[in-house]
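Visitor: Based on the provided sequences and hints, a complete structural model is requested.
Residue numbers (the numbering used here), protein chains in the order written: chain W, 795 to 1237; chain X, 6 to 272.
Do not take every clue at face value.
[Unchecked claim] Derived Cβ-Cβ restraints for the label pairs, each shown as a range: (1) W:871 to X:69: 51 to 59 Å; (2) W:884 to X:219: 34 to 42 Å; (3) X:168 to W:817: 20 to 28 Å; (4) X:205 to W:872: 47 to 55 Å; (5) W:862 to X:40: 15 to 23 Å; (6) X:8 to W:838: 22 to 30 Å; (7) X:8 to W:871: 38 to 46 Å; (8) X:136 to W:843: 35 to 43 Å.
None of these hints come from the bench; they were simulated from the model.
The model shown is predicted, which means the values in this text are computed figures rather than measured ones.
By construction, the Cβ of each residue, glycine as well, lies at the ideal position given by its N, Cα and C atoms.
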Amino acid sequence: MKSIRGFLVTALLATMTLTLFLAALHGYRSSMVEVQALLDAELTGRARLLSASINGQTHKEPVASLNGQRAFQVFRNGALLWRSDNAPDTPVTNRAGFQDINFNRHRWRTYTWTDENGGIRAIAAERIDVRNALAENIILESVLPVVAALPLAGLLIWFVVGYGLSPLRQLADQLRRRRADDLSPLPAGQQPVELMQLVNSTNGLLQRLEASFGRERRFASDAAHELRTPIAALKVHLHNITCTLPEGNPELASLVSAVERMGNLVEQILALYRTSPDHYFAQLAELDLHQLVQESIAGLFPAFDRSALQLELTGSTALMSGDRPALETLVKNLLDNACKYTPAGGKVSVAVNDRPHGVTLRIEDSGPGVPEEQYTRIFERFCRLGGDQHNTGTVGCGLGLAIVQHIADLHGASITLGKSSFESGLAVTITFPRHATPHPGAA
Amino acid sequence: MLPTSVIIVLREVLEAALLISMLGAVSGMLGLSRHWAGAGIGIGLLGALSYSLGINSIAQWFDGFGQEFVSATMQALIYLLLVSIALLVLRRTRHEDARTGSIPVLMALAVALAVTREGFEILVYLYGFSSTLSQLLTVSMGAVIGAGIGISLGVLLYYVLCHPAIQRVPFISFALLALFGAGLFSQAIKLLIQADWLPSQLPLWNSSNWLPEHSITGQLLYVLIGYEATPGAIQVAFHSIALLVLLGLAAAIGRSRALPVDQGKVS
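Guide: Spelled out as structure tokens, the structure:
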């Protein structure tokens, strides 16, 4: 069914209409019998009254009937004593008791009372159509409200069903408003009995999901953390071996590079999970992003120098609230990428500006750039364009931009990718709000 | 007066309401949109109004049997439309890629014809009392009660037929449609006999004592399966053929693999 409310209102209204109308019809039939009996009793009384009041006297002039709706005749031993002006001189019926007959262009209900002792026979008559109309009018007065009340009942049912379904609507709203990373249980205490099973099952599911995510996080983080020590030991032993072996050994150079790469990967995995909005507690403080970038460039300058890259920083003081260690990681990752993927002799431009809508950090390089259709993909974890190794020949682990995305989310910043102002290359622009509020998941 | 108007209007409204309910349930089985119902009712109401306005000239056709002819034609057309719908559904059960775009159109046409015919009967009946205001109130109230009961029965039947357990057995809905359609066809034949287009014959049986045609049960069965207390041989023969054709199609649909019911769309 498309709508529970629609179904309930329609089905309830149909059921109510059916039962009410059938009951009204039954009531009409029963009432009709009762009213007819009442009118018959009244007709009997009138015939008897006529018989008693005539007192054996003959009335020459007929009595004017009431709108022609009633008639009477009184006879003694067959001779007419009295009649209404709409009744004939001869008896309209010779049978005692009730009878339906035709005279004077109408159908009549008659009652004949015979007094055997005095030889008096009184006939009282009423037009059947008038009787029926009278009875019907009386009964319709009671049926009409039932029919007229139905639209009101429909409206009330609509609101009552809406009210009854409100806990379901509220539960749906709670689930809709929930952040993707919010796996806290739904409040079960105030739910109606019918929804308890649903809420309990959903909470159980959320609990299992959170435990599963937690296990995943802990495993990656713990594994990376545990790998740090043996890698550090490996580096020391490698250094010692390097000292004992003659210089220029290609196998040894490969081994050193592989260990460096492994160490970098472990550090990046740790950084990724540390900066995850799910459990990173951002310490926001007022800082100058321009100065922070300047310091980061100073730290990375040797690498740029080795690749003979032209590095340029423009802009001026740009105050904002942010988490310094996280922002340092963000700038370092972006500069690392620019340094890795820009060929020797290329250019990297960094600009920090205080704009009306926030603080912008723009890093452009003259590297090969990224195809536009890959812009969203490069923020995925372990995404390396062109396979395991970029066509620049640079080895990466594919976590740098995922970490950048985490940190940007922590600050409520937006990331825009585009083509750099150089002949080729990528431009990454991050716009930070001047007064960042910590990411809800981080608080 | 009131019970009479209730029965007359109930009989007409119920006929259209049952048709809409059964087609609605079939539509749900096929996962089709229900817009055809609104379109059919709208067109039917306009048709009923036009038919009522033109009845004086229509009644003069065919030596004064124009109304019988038009009514019989409409009923026979509804039957043929039901057969066409059943055939298209059968084709769909055998070829998944069969196009079902014409099914809603045929459904809308069947509903429009039914509403035109039944609406016309009600309008003519009510018009007969327009000059006597004292009776018009009673008759109108009877009409409201009759229409209310008819529509309610239609709505409840629709929800029963839309129950997943019944939707899984297409034969049930199509068998009901077969009984209903054959009844309509039988009524059309009766009208043609009344207009002397088909020969009138002695009744094959007389079940008036057992189940009078004008009792409430008799009226309901008249609407549901075209019950007649004293049917002639021709009427029985046509009724049986019409019923067998639709029942055969219903059985074929029931034997085919399950219809591609979109449970989410069944409502």
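Visitor: List in ascending order the numbers of the hints, as given earlier, that are violated by the structure.
Guide: 5
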